[in-house]
Amino acid sequence: MKIKESEAPAGMRLYSPLVGAFYDSEDHCTSMDGYALSGYDWTIKKALEKDWIQESRAGLAEYLDEGPLKEKVVSMHPAVEVWNYCLWGVLKVECREELSPEETERLKSEWYGQMADGWGEGFVQQDIECEEGCRLCVDFGAASRNRIQTEQELKGIQAADQSQTMEQES
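When we follow our numbering, the leftmost residue of the sequence shown carries the number 1, and every step to the right adds one.
Hints in this document: simulated from the structure, not taken from any laboratory.
A portion of the hints provided could be inaccurate.
What the hints assert, rightly or not - In silico DSS-like links for lysine-lysine, alpha-carbon gap of 27 Å or less:
id, residue 1, residue 2
1, 155, 45
2, 108, 50
3, 70, 108
Claimed, not checked - Computed spacing ranges between beta-carbons, pair by pair:
id, residue 1, residue 2, range
4, 54, 31, 21 to 31 Å
5, 27, 109, 33 to 43 Å
6, 67, 129, 33 to 43 Å
Virtual Cβ for every residue (Gly too), placed ideally from N, Cα, C.
Construct all of the structure, not just a fragment, from the sequences and the given hints.
As structure tokens, this is what we get:
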């Protein structure tokens, strides 16, 4: 399956709740939810930009099983985004064509696996320096599978609005 040069790839985003742990200079730990983490969004974005998975054009799509989903998905890259004052884990997905509802559910399962046992398991173990002597650990894998949502499901937007949003952010 080849994409024509003139066709723009389809894009989508999957959202999942984040949790984290903040360690102060004396190594005291404070658990943080997405609302508390939102104050560190820039710091977390910088850590994600330096992550090894960003070096690959395909990102996490390299780890999809062979089949129709892998044929359609061009790239999958983790990110974060503040929505309604809460920091969310985001999977930015670029596809050759729109995914069916079944393929979207399969993609959610693949993302859950990467957050819990794959890429996310390593990312949570990486300390993110955030203040002098303080560090942050961000857990993408704390969300249950049924808490992963598409952008439309989370924000209640229509597909046409979503493609405009993604074009503006590119």
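Hints, one by one, checked against the model:
Between the alpha carbons of residue 155 and residue 45 the distance comes to roughly 21 Å, so the proposed pair stays at or under 27 Å and holds. Between the alpha carbons of residue 108 and residue 50 the distance comes to roughly 24 Å, so the proposed pair stays at or under 27 Å and holds. Only pairs whose Cα atoms come within 27 Å are accepted, and residue 70 paired with residue 108 is accepted, the gap being roughly 13 Å. The beta-carbon spacing between residue 54 and residue 31, approximately 27 Å, falls within the hinted interval of 21 to 31 Å.
One distance hint, 33 to 43 Å for the beta-carbon pair residue 27 and residue 109, holds here, with the actual separation near 36 Å. Range check, residue 67 to residue 129: Cβ separation about 40 Å, and the 33 to 43 Å hint holds.
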